[in-house]
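> One-letter residues, chain by chain:
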Amino acid sequence: MINDKLPKIWYGGDYNPEQWEAPEWAEDERMFKLAGIDVATINVFSWALIQPSEDTYDFSTLDELIDRLYKNGTYVCLATATGAHPAWMAHRYPEVTRVDVQGRKRKFGGRHNSNPNSPVFRKFAAKLAGKLAERYKDHPGLVAWHVSNEFSGYDYSEQSAAAFRVWLQERYGTLDTLNKAWNTRFWGHTFYDWEEIVVPNELSEEWNGNRTNFQGISLDYRRFMSNSLLECYKLEYNAIKEHSTNIPVTTNLMGFYPELDYFEWAKHLDVISWDNYPSLDTPVSLTAMTHDLMRGLKNGQPFMLMEQTPSQQNWQPYNSLKRPGVMRLWSYQAVARGADTVLFFQLRRSIGACEKYHGAVIEHVGHEHTRVFRECAELGKELEQLGSQLLDARGQAEIGIIYDWENRWALDLSSGPSVALDYVNEVHKYYDALYQQNIEADMISVEENLSKYKIVIAPVLYMIKPGFAAKVEAFVQAGGTFITTYFSGIVNENDLVTVGGYPGELRKVLGIWSEEIDALLPGMSNELVMNKEWGALSTSYTCDLLCDLIHPEGAEVLAQYGTDFYKGMPALTVNSFGEGKAYYVATSPEARFLQGFLANLCAEQGIQPLVSAPAGIESVQRVKDGMSYLFLLNHTEGELSADIGTAVRTDILGGEELKGTVVVPSRGVLILKGALLNG
Amino acid sequence: MINDKLPKIWYGGDYNPEQWEAPEWAEDERMFKLAGIDVATINVFSWALIQPSEDTYDFSTLDELIDRLYKNGTYVCLATATGAHPAWMAHRYPEVTRVDVQGRKRKFGGRHNSNPNSPVFRKFAAKLAGKLAERYKDHPGLVAWHVSNEFSGYDYSEQSAAAFRVWLQERYGTLDTLNKAWNTRFWGHTFYDWEEIVVPNELSEEWNGNRTNFQGISLDYRRFMSNSLLECYKLEYNAIKEHSTNIPVTTNLMGFYPELDYFEWAKHLDVISWDNYPSLDTPVSLTAMTHDLMRGLKNGQPFMLMEQTPSQQNWQPYNSLKRPGVMRLWSYQAVARGADTVLFFQLRRSIGACEKYHGAVIEHVGHEHTRVFRECAELGKELEQLGSQLLDARGQAEIGIIYDWENRWALDLSSGPSVALDYVNEVHKYYDALYQQNIEADMISVEENLSKYKIVIAPVLYMIKPGFAAKVEAFVQAGGTFITTYFSGIVNENDLVTVGGYPGELRKVLGIWSEEIDALLPGMSNELVMNKEWGALSTSYTCDLLCDLIHPEGAEVLAQYGTDFYKGMPALTVNSFGEGKAYYVATSPEARFLQGFLANLCAEQGIQPLVSAPAGIESVQRVKDGMSYLFLLNHTEGELSADIGTAVRTDILGGEELKGTVVVPSRGVLILKGALLNG
Amino acid sequence: MINDKLPKIWYGGDYNPEQWEAPEWAEDERMFKLAGIDVATINVFSWALIQPSEDTYDFSTLDELIDRLYKNGTYVCLATATGAHPAWMAHRYPEVTRVDVQGRKRKFGGRHNSNPNSPVFRKFAAKLAGKLAERYKDHPGLVAWHVSNEFSGYDYSEQSAAAFRVWLQERYGTLDTLNKAWNTRFWGHTFYDWEEIVVPNELSEEWNGNRTNFQGISLDYRRFMSNSLLECYKLEYNAIKEHSTNIPVTTNLMGFYPELDYFEWAKHLDVISWDNYPSLDTPVSLTAMTHDLMRGLKNGQPFMLMEQTPSQQNWQPYNSLKRPGVMRLWSYQAVARGADTVLFFQLRRSIGACEKYHGAVIEHVGHEHTRVFRECAELGKELEQLGSQLLDARGQAEIGIIYDWENRWALDLSSGPSVALDYVNEVHKYYDALYQQNIEADMISVEENLSKYKIVIAPVLYMIKPGFAAKVEAFVQAGGTFITTYFSGIVNENDLVTVGGYPGELRKVLGIWSEEIDALLPGMSNELVMNKEWGALSTSYTCDLLCDLIHPEGAEVLAQYGTDFYKGMPALTVNSFGEGKAYYVATSPEARFLQGFLANLCAEQGIQPLVSAPAGIESVQRVKDGMSYLFLLNHTEGELSADIGTAVRTDILGGEELKGTVVVPSRGVLILKGALLNG
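Residue numbers (full-length UniProt numbering), protein chains in the order written: chain A, 1 to 679; chain B, 1 to 679; chain C, 1 to 679.
Chain A on its own, in the form it takes in the complex (with noise of 0.2 Å):
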């Protein structure tokens, strides 16, 4: 339980009253309570207000804030308030703003816009820090503190340079070892001085976001920053343990946020939470897997939903309102996947700047008779009923797919072979195969013990870091299924080529070669051509984007290309290794195959289906004390049916006794408790 004082799924989101005047906080009191709502995040944005110059501190708008909240039963989230300095502290010490990618100095504007390496910046962060946590650390209403703000954005200072020549030093020890890890001898970049090195941006190494001349300094810059940025954290995070030790402390996440290394952020973190802002064309799978994504940071233990809007966003291009029911289904499925929290952004809607037109609970006509208020109000109430008792249940996947931020930092900073390729994209395609078929996996790390799992998935797992081949081999060795593709295993965790033949350490488990890699033009596509029928596979299936052209060397050969010079050549293979086997899939194929591939695997290792459902529903368990609450959520706007199997599971949010064929509503939710499914 992230804090037993409130013993249920947290209900309620941002709160920034500081924004309008006292008479409205009257109504505020009165619409949390219509609504159910009994945590409010506040602090957020406050610093300038709670720190109005160098030397002055000023909690009494806070104080009462925290007070008058908790008198009307509402807990809080309390925010360090350091997601942005304050606009004396870049007009006196102007380090503390950033130099962006393209070398330009900012000065004072937006948010999230600190030099993480300024030691001005990081003295003031930590010392507010330390201060809320001394005033407020035995407050009643408090429940959990809210690190800084969505960290995010790199910075090319002078500053972040010269401790990114510390870091390096730490890292590498002698330039010796740093021009080797680096390939300096490429280009003649031999660095001799450790001043000598700059920091990879537009004026040095790199373009276009993601282009660079040097993979190795870039992607060592990226580890960097969100190092940098996780100091920032942890100063802020040492600073309150100092004085609360009790309070889960977090900071809000983003998702597949690319910039941040989270799986390395999550250990510092008491309790994940993050913040869902799916648009209207959103695969509800995608948000499905980043769900799973979150859940997985922290080995499967439950999340916050830290922020989502009750409505529509205002920052995407076309910004639509959630249809009437989505809110309470996306919620839910929040909730499915380990949330145990449901908050929002925001609970009032502010009257000026950016985000007037972002949703909120309070509409800026104030009153509660609005669709979004009553919407939020009969989930609030539904959220009082369920109580403490989906709390810290947990998933159950039988399932693995690997996900890494430094793979995908090396594979977006690749040249060649296609631009095209997309990590994010080419994981999803295989956790939507199984979504599709109402099979769980779970969203894990490299560094995650792979035998819980009777199945690892590691789509397009380019860099392979020490140890990590070695454990895919004790995995299958032991009878583990292993499945990985094309472009993978190709280098080391410093983005240098593994050579003697591709895919490198995964050679030999996967017994075959990749002698080349074809990169297909936008609009041409290869067959992959099953070599016989094999369960739910026959005939041929297209693919596209990349085509390894391998080589057997011990695996069997499922099917090969179709089309092209490499016609006949192995575009799927297996390879029996120890008690388990291991899968290559040589090109990116189309969904059906997929759907078919991971159904035969899924068979093979006595992995069913929670529910046989039509495509859009989405079916998930939560597991707790040796009970199951299955999760139904209709996705269409049509009734749907699922045939849950025989046994008697109760609706918890209905209270009916169901087996068999249950309907589940337009846009609605069952939750059904009962035994476990799949165990």
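Among these hints, one or two may not hold up.
Stated by the list, open to error - Just so you have them, the derived chain A footprint on chain B, three or more residues with Cβ under 8 Å:
1) 182–195
2) 207–218
3) 412–424
4) 519–525
What the hints contain is simulated information worked out from the structure, not anything from laboratory work. For glycine and all other residues, C-beta sits at the position ideal for the given N, C-alpha and C.
We have chain A already, so just place chains B and C on it with the hints.
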């Protein structure tokens, strides 16, 4: 009359003889005579010529030129030459060049390149204007002053930052007021010292042109910059007026140019002038609307067509030739809509630099035996014949369409609900619906006296300035018909939302409440279904972009949405208010709807089409001394007929008496004098 | 012969063994032997290696490498290593890095990164080249010098600005002459002091790459920058020649690379070399044209193919593999068109940084059992067999096509009439029309002696330099056939329009006057209608882009426009002038027209196709000692036949005697020795 020295439609244009040698000057004179050219705009870019150094002025060439032209029968529109500073000034006083929106300090180059808040630039510019006025104020050839050229572009220098702070102090008085106006509590942007305020650009709050974190700051910076350039204009205006009190002063505007609030500027111009550069594929009704806007800047006062090309532009991607007859046709379109001059850029083509492929009366070949010259000379003859009879004639529209630059800025800067919202385009939809039915409209500011009109249309009037809502109420109360649309009435002049329910201050007169605003994805549409047949409207029409979800509060529902979850909710309402009616169009409908809708309202108000004519005919009248000059312009390649009614009218170009059905030749023009239409 | 130490087609390529360890060097040697590799280009990016600090040079590794290679039978093309400066130099002397077109000072990074006007860079570069020449001039393995690498990129530093002013003073003598050449009276840009002149970039006159306010300034800056880099080349050239007089010196060019005037450069290269990187979808005739241009740089002298990839690139968006046989086919295409070397980038793949996915003879797998290596080794064997017989053989075209870099710059920089005008593409249309008919052409400069040719084609020759028009007149007078197109003859070498009627100085020889130029919108087209059937041409053809509206002044009209207001005006004319004819193609016609048109002209001039062959066959001959080597290249995947005529020819690869119809295998090559064709 702009200047009674030349009581006819002035004919001529920009003339830069300093770019070539004396022998060609004699040729110029000969050809001006052949073409009937009687006005030359000179000295536009001659600063470096007439002030070759800080302390030296040399007017000898200009003296000679003005005398020479006058002797040849050509009057001059004399420019102050400050549209581009000399190289020596940029070299000696770097402060005169601008800092761009990216924060980059510019060097010498281009035009419209001066920092408007540079004291050095201001000093030199005003001094030059004064010297010119002093020297030429009594020259018999002088008919108008032309300050600088196409004022445009913003600056982000330290001088502008300092001036911005002063401007803000004047506007807001206290930082507290400013902090409230900008809602700086959002993201903790509270300013505690004026010096903490920096200009909003890509180094602080803005990106991608119109994207900003703080609408209030960016909106004020647009106001400030429009005003900074206006201050530069006024400095020159005043310097001229000190010597030359009776010659009209203007500067050439650019239609819907976004960066300057021309309604503010117009107050300081003696006569409006503007540069008209449609492309081959610009809708003719958009050009018409732009002329009407320019006429509307000074409440209907005739204006100067200061520039148009006789043949082609050079700066468009594809610079097509004006087809035969089109130059004449578009010249008369300008006259029909209020122009009392027909001036070209340019009289003779440059041979070097970036405008050498811009068309001219005298082409590079140098003689008169060209299609372009022949067409120019024929028009010159006609304008000679027309004499003074059209001068000062005015329009007589019964419909006003509101256009507001600050509203445009606020819409452009808005984060949400849809990037597809284009204010000018939405205004044009209403204008065009009238244009296609031969019904005239004035383009008016929010400061206009509405009681002049039977119908006032205010598309997407997002920003309601103080007093405007009351004015609308009075207008409708007294019997007027008011129309506005979705996303109107939302904010005040500081872009702060009017809480309590959209459309804010307009809610009462419209009798509705708009609860939510849905943004449609590209390709999505909804339907607007009539509740019953109403005049020209029946069944249903498509709509897209944005859909307000509204509730009637006294208004009658005329149409409803046809699909999506808000099917059945009102899409078009009318509220009876006093003696008048207020309509709310809750979405952006197709043209077919808008034509029927406005036809109905005109019928109700007894507003008749000027003529009955097929598509392709443009009709408009100018009125003088109780007589009407009806212009019929055929924009197609074939002959077309129109019915002008039973009263006899005189074709003042052809000399015939006409009534009933008249024929307008391909790309031809009729100007028919007769009794007032629709008055 | 490039160097008679190695009297055969050189085979090998770029080799960077400093990037790996000694054990692999032995493998390299073994595999070079297997592949028949006899030339390695070394030391290209080794500056940091051989000069580890300002005062230290260390040639030990290089000594060893050259000796080792020589012992293994591999000669060296020795680079001067100045294509990228060392990090220590950028750190100690920041002036060596560039300022970019946006005015941003760069830091250390990338390659081709040196400020060409930095005295420090120039000093170090020349010194290094001299030291290398002194040390290795007598090494028996040395066969060529390779200065720097792919010279490219412009600089906008203060050093370059100062050098630009000096260059301008030398070019123009007085400011008055400069002001006239740049037409600075336009926009009042008159310079009164040399110091007022700044470099044209995004901070002054330019934007978006080729957009500029002053074509004259930007054109001169391109000349100046091309020359600045050439000066750097020449410094090294001279430093080498001081010691090493008899070894040819080159630098690797890049085909139609826009930024450098290679015709100027070619005067200072002993032998042309270039890097050929077509994509999977590059038209083979465009590659052919580029080879011909490179051959034309030194009037037909054979050149070095310095780089091509054995398999795939890494820097294209989609890096497809060269299909089997294509590497060999394209290698022979180079030889057929004048290459006396076949060299690769690269002999062994890097394992790190941005080129690690660029193909190599030795792939990452490290052994010889790859498709790529096998194909390389087979070609190595063939080239061994061919020996010296093709060396120094030359082309024998009777048609010259003019290409001019300054003309390209002027067209690229032009503001109007159409952004769709692409000079290289328009030239290629004419080249391709001949290529498709198996008719050879030379790519020639405007300085070429035209009397070598029966037909000279000058597509879009917008800029006419002094003396060129007279040369064309003399050529036609004497019986030559000259062809030019729309938008030709417009400006002089300063981009100043030749007044008095387009096409200016070419008007007399063409016998026409072009009155106007219409730019067609995308999707628009016109028709070119033959006045009567003429040889291969009849009826009508589409045309687009630009349409000149011309009047014959003595010329005969062969075709007219079919639509729009200029229907019936001439679209194709021919003027008899002395003994010859001058054609004007007033628009950009479809390929079908150009093939017929050029077929007619060739027929008139007795120019025969080399062979009769279907589409997909490329034919070209090299001539030596009165014998012809006819190359037939089949670019398709199927077998094709060609008719080589009745004379017997020897297939020098296969050894057979052939005549009449010969079969060229899929992606195959025949080299048929025999009597001169078409000579």
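> Against each hint, give a clear statement of whether it holds in the structure.
Now for the hints, and whether the structure bears them out:
1. 182–195: Coverage by chain A holds for the region 182–195 of chain B (13 residues, Cβ < 8 Å).
2. 207–218: Our answer is that it holds, as 5 residues pass the Cβ test (under 8 Å) against chain A, meeting three.
3. 412–424: Coverage by chain A holds for the region 412–424 of chain B (7 residues, Cβ < 8 Å).
4. 519–525: Three-residue rule met by the region 519–525 of chain B, so holds; n is 4.
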